[in-house]
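Using the sequences and the hints, build the whole thing.
Following UniProt numbering from start to finish, the sequence shown increments by one per residue and tops out at 611.
These are computed hints drawn from the structure, not numbers from a lab.
There's no promise every hint is true.
Ranges of calculated distance between the beta carbons of each label pair, as one might list FRET restraints [to be verified]:
#, residue 1, residue 2, range
1, PRO29, LYS496, 37 to 45 Å
2, SER257, ALA93, 30 to 38 Å
3, LEU604, LEU326, 49 to 57 Å
4, GLY248, GLU605, 56 to 64 Å
5, ARG182, ALA144, 23 to 31 Å
6, GLY256, ARG457, 32 to 40 Å
7, ASP560, ARG51, 19 to 27 Å
8, LYS5, ARG600, 54 to 62 Å
9, MET262, ARG457, 25 to 33 Å
10, PRO225, LYS576, 49 to 57 Å
11, THR81, ARG182, 32 to 40 Å
12, GLY276, LYS576, 55 to 63 Å
Here are the simulated PhoX-like pairs of lysine-lysine, each with C-alpha atoms no more than 20 Å apart in a straight line [what the hints assert, rightly or not]:
#, residue 1, residue 2
13, LYS469, LYS387
14, LYS229, LYS184
15, LYS385, LYS27
Just so it is clear, the structure is predicted and the values come from calculations on it, not from any experiment.
Glycine is no exception: its CB is placed at the ideal position from the N, C-alpha and C atoms.
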Amino acid sequence: MPSYKAPLRDIKFLMNELLDAPAELGKIPYYTGNETADADLMGQVLDEAARFVETELVPLNAVGDREGCVRHDDGEVTTPTGFKAAYKKYREAGWTALDADPNYGGQGMPHLVSNVLVELLNSANVAWSMYPGLSHGAYSALHAVGSDELKDLYLPKLVSGEWTGTMCLTEPHAGTDLGIIRTKAKDNGDGTYAVSGTKIFISAGEHDMAENIVHLVLARLEGSPEGTKGISLFLVPKYLPTADGKPGERNGVVCGSLEHKMGINGNATALLNFDGATGYLVGEVNKGMNHMFIMMNAARLGTGLQGLGLGEVAYQNALAYAKDRLQMRHTPRVNPSESADPIIVHPDVRRMLLTGKAYTEAGRAMAMWLALSIDIEHHHPDEAKRKEAGDLVALLTPIAKAFMTDNGFNIAVQSQQVFGGHGYIKEWGMEQFVRDARISQIYEGTNGIQSLDLLGRKVLMDGGKKLQKLAATLQEFVEEHEGDEHIGEYVTQLGKAAQQLGSLTMVIGQKAMNGEGGADEVNAAAVDYLRFFGHVVYGYLWARMAKVAQDKIDAGQDKDGFYLGKVQTARFYFTKLFPEIKTLAATIKAGNGPLAVDDRVFGLEQPLVTA
Numbered sequence: 001m002p003s004y005k006a007p008l009r010d011i012k013f014l015m016n017e018l019l020d021a022p023a024e025l026g027k028i029p030y031y032t033g034n035e036t037a038d039a040d041l042m043g044q045v046l047d048e049a050a051r052f053v054e055t056e057l058v059p060l061n062a063v064g065d066r067e068g069c070v071r072h073d074d075g076e077v078t079t080p081t082g083f084k085a086a087y088k089k090y091r092e093a094g095w096t097a098l099d100a101d102p103n104y105g106g107q108g109m110p111h112l113v114s115n116v117l118v119e120l121l122n123s124a125n126v127a128w129s130m131y132p133g134l135s136h137g138a139y140s141a142l143h144a145v146g147s148d149e150l151k152d153l154y155l156p157k158l159v160s161g162e163w164t165g166t167m168c169l170t171e172p173h174a175g176t177d178l179g180i181i182r183t184k185a186k187d188n189g190d191g192t193y194a195v196s197g198t199k200i201f202i203s204a205g206e207h208d209m210a211e212n213i214v215h216l217v218l219a220r221l222e223g224s225p226e227g228t229k230g231i232s233l234f235l236v237p238k239y240l241p242t243a244d245g246k247p248g249e250r251n252g253v254v255c256g257s258l259e260h261k262m263g264i265n266g267n268a269t270a271l272l273n274f275d276g277a278t279g280y281l282v283g284e285v286n287k288g289m290n291h292m293f294i295m296m297n298a299a300r301l302g303t304g305l306q307g308l309g310l311g312e313v314a315y316q317n318a319l320a321y322a323k324d325r326l327q328m329r330h331t332p333r334v335n336p337s338e339s340a341d342p343i344i345v346h347p348d349v350r351r352m353l354l355t356g357k358a359y360t361e362a363g364r365a366m367a368m369w370l371a372l373s374i375d376i377e378h379h380h381p382d383e384a385k386r387k388e389a390g391d392l393v394a395l396l397t398p399i400a401k402a403f404m405t406d407n408g409f410n411i412a413v414q415s416q417q418v419f420g421g422h423g424y425i426k427e428w429g430m431e432q433f434v435r436d437a438r439i440s441q442i443y444e445g446t447n448g449i450q451s452l453d454l455l456g457r458k459v460l461m462d463g464g465k466k467l468q469k470l471a472a473t474l475q476e477f478v479e480e481h482e483g484d485e486h487i488g489e490y491v492t493q494l495g496k497a498a499q500q501l502g503s504l505t506m507v508i509g510q511k512a513m514n515g516e517g518g519a520d521e522v523n524a525a526a527v528d529y530l531r532f533f534g535h536v537v538y539g540y541l542w543a544r545m546a547k548v549a550q551d552k553i554d555a556g557q558d559k560d561g562f563y564l565g566k567v568q569t570a571r572f573y574f575t576k577l578f579p580e581i582k583t584l585a586a587t588i589k590a591g592n593g594p595l596a597v598d599d600r601v602f603g604l605e606q607p608l609v610t611a
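And the structure:
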């Protein structure tokens with residue numbers, strides 16, 4: 001069975017030494033007034049979170065994969081053995097309320113802390129973690145745009161974890177293109193709506209872990225415009241609440257089937273049929289897409305944390321195996337008394353392990369940087385600070401989702417490779433990490449869609465203003481540390497890459513304005529552009545981490561070699577991984593031309609695209 005230990009040493013390094021989060025959070029008045037969480041309190045909470053996931057959730061990971069969920073004839077669903085009991089402990093311990101508004105029963109802790117909790121949950125048991133994860137997204141959307149009446153009734157239940165939530169977007173014929181959804185809503189004339197339609201791929205859509213499920217559903221109200229401009233958001237509970245807030249009459253929504261999937265088998269991925277189900281409007285009519293994006297953006301960051309979490313646990317198990325597995329003889333011999341040496345001494349195994357370590361630790365740094373920025377965006381008293389933090393979060397969210405999940409999947413594959421043939425066998429658990437990680441690149445907007453969002457919406461649409469703000473931050477860091485004895489070389493590489501990112505953006509932007517083929521030029525460059533951008537962000541964070549670590553080493557504060565590990569992993573990143581940007585620059589510049597092939601290349605008799 002695979003093992004997992006929460007990487008608390010690295011988390012606390014990032015929180016307290018790299019980001020200086022306690023000081024930053026001390027400037028922010030939280031829900032409860034001017035009180036906020038200090039380093040000791042946040043550390044204690046994370047220590048307890050680590051204990052919970054390691055003891056309660058890790059043992060259930062293989063169970064959930066093996067058993068899956070079971071749908072019964074009445075549409076009810078049973079989750080794998082132990083899932084319901086673990087959720088009860090999780091809820092009763094108050095984890096569902098960690099960063100929620102105290103006005104609805106929450107603890108008001110910083111988002112930074114809940115962000116780390118989500119990573120730990122995903123490493124321990126990603127399928128289980130999706131049940132409370134979807135609920136938190138529903139809470140966020142309802143808290144932001146719901147009426148006082150809806151918030152007073154539903155938020156305390158979501159915060160306590162008594163009820164869970166979902167997001168219902170996708171339909172059999174409509175995935176990314178939500179403008180063509182067919183689910184309808186009819187005004188009943190009494191403040192309620194009758195919602196009818198079918199939604200598919202609904203994570204945690206039906207289960208036995210909570211007494212009620214709150215579905216947030218995109219639907220088109222009768223008479224509304226076609227396309228995304230005519231979509232509204234509705235709250236549709238599984239059970240209609242009674243006057244005293246208890247689950248009452250069964251609503252007109254039922255699970256028609258469960259998907260048989262490649263991975264995340266412990267999570268119920270449901271097809272839901274809405275047949276005149278009673279729903280309640282959330283927010284404004286025809287503003288459903290705007291409202292749902294509150295939940296979707298939270299889900300995209302959460303999905304990035306899935307990639308991070310699975311990369312971490314896969315790396316940990318590969319590292320442990322590489323220390324013990326004896327194969328081949330190294331020169332010079334490491335263990336002459338044995339028939340072979342541990343495989344961790346072989347350069348190619350070290351390459352795979354260091355790749356996992358480098359991408360995971362940079363991903364964690366970015367995730368925590370974004371989480372701290374979300375705290376600033378939502379709570380800082382200075383409007384300019386809130387705007388600056390919000391722009392950073394908007395710009396980097398698609399990178400967090402796509403770059404982190406691409407890397408997470410690749411880490412899982414390479415960690416499996418460390419095991420050789422044993423990695424292909426179920427008992428070691430590595431093949432489950434590979435299967436579970438794959439979905440993170442697909443749902444909540446495929447990574448291709450994230451690339452289009454980054455380049456088209458977040459960069460080009462505002463004339464590069466958000467990018468310029470980040471570029472200024474990078475330039476300030478470069479100028480401050482140019483010529484540094486230890487990180488000067490990295491800073492030089494980072495500065496050149498940041499400048500090249502700007503020039504590539506200009507090239508793509510100019511192509512985008514050149515006639516009918518402009519959109520294709522943007523689309524053709526987007527995926528490689530996002531990966532280039534991701535390397536720039538990770539390079540910035542690795543240079544910062546290396547600087548902090550080297551200062552600790554120089555001060556004689558590295559008895560356990562933790563800081564040395566940071567310095568040497570930074571060197572690996574800049575010499576073995578960061579140079580990928582050279583290839584990416586070439587493919588970005590190649591543009592759409594190599595893709596504009598004759599359609600007969602694909603076996604089509606008639607061209608689909610004409611000049």
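Structure-based check of all given hints:
no. : hint                        : result
1   : PRO29 / LYS496: 37 to 45 Å  : holds (41 Å)
2   : SER257 / ALA93: 30 to 38 Å  : holds (33 Å)
3   : LEU604 / LEU326: 49 to 57 Å : holds (54 Å)
4   : GLY248 / GLU605: 56 to 64 Å : holds (59 Å)
5   : ARG182 / ALA144: 23 to 31 Å : holds (27 Å)
6   : GLY256 / ARG457: 32 to 40 Å : holds (34 Å)
7   : ASP560 / ARG51: 19 to 27 Å  : holds (22 Å)
8   : LYS5 / ARG600: 54 to 62 Å   : holds (55 Å)
9   : MET262 / ARG457: 25 to 33 Å : holds (30 Å)
10  : PRO225 / LYS576: 49 to 57 Å : holds (52 Å)
11  : THR81 / ARG182: 32 to 40 Å  : holds (38 Å)
12  : GLY276 / LYS576: 55 to 63 Å : holds (59 Å)
13  : LYS469 / LYS387             : holds (11 Å)
14  : LYS229 / LYS184             : holds (14 Å)
15  : LYS385 / LYS27              : holds (11 Å)
Of the numbered hints stated above, none is contradicted by the structure.
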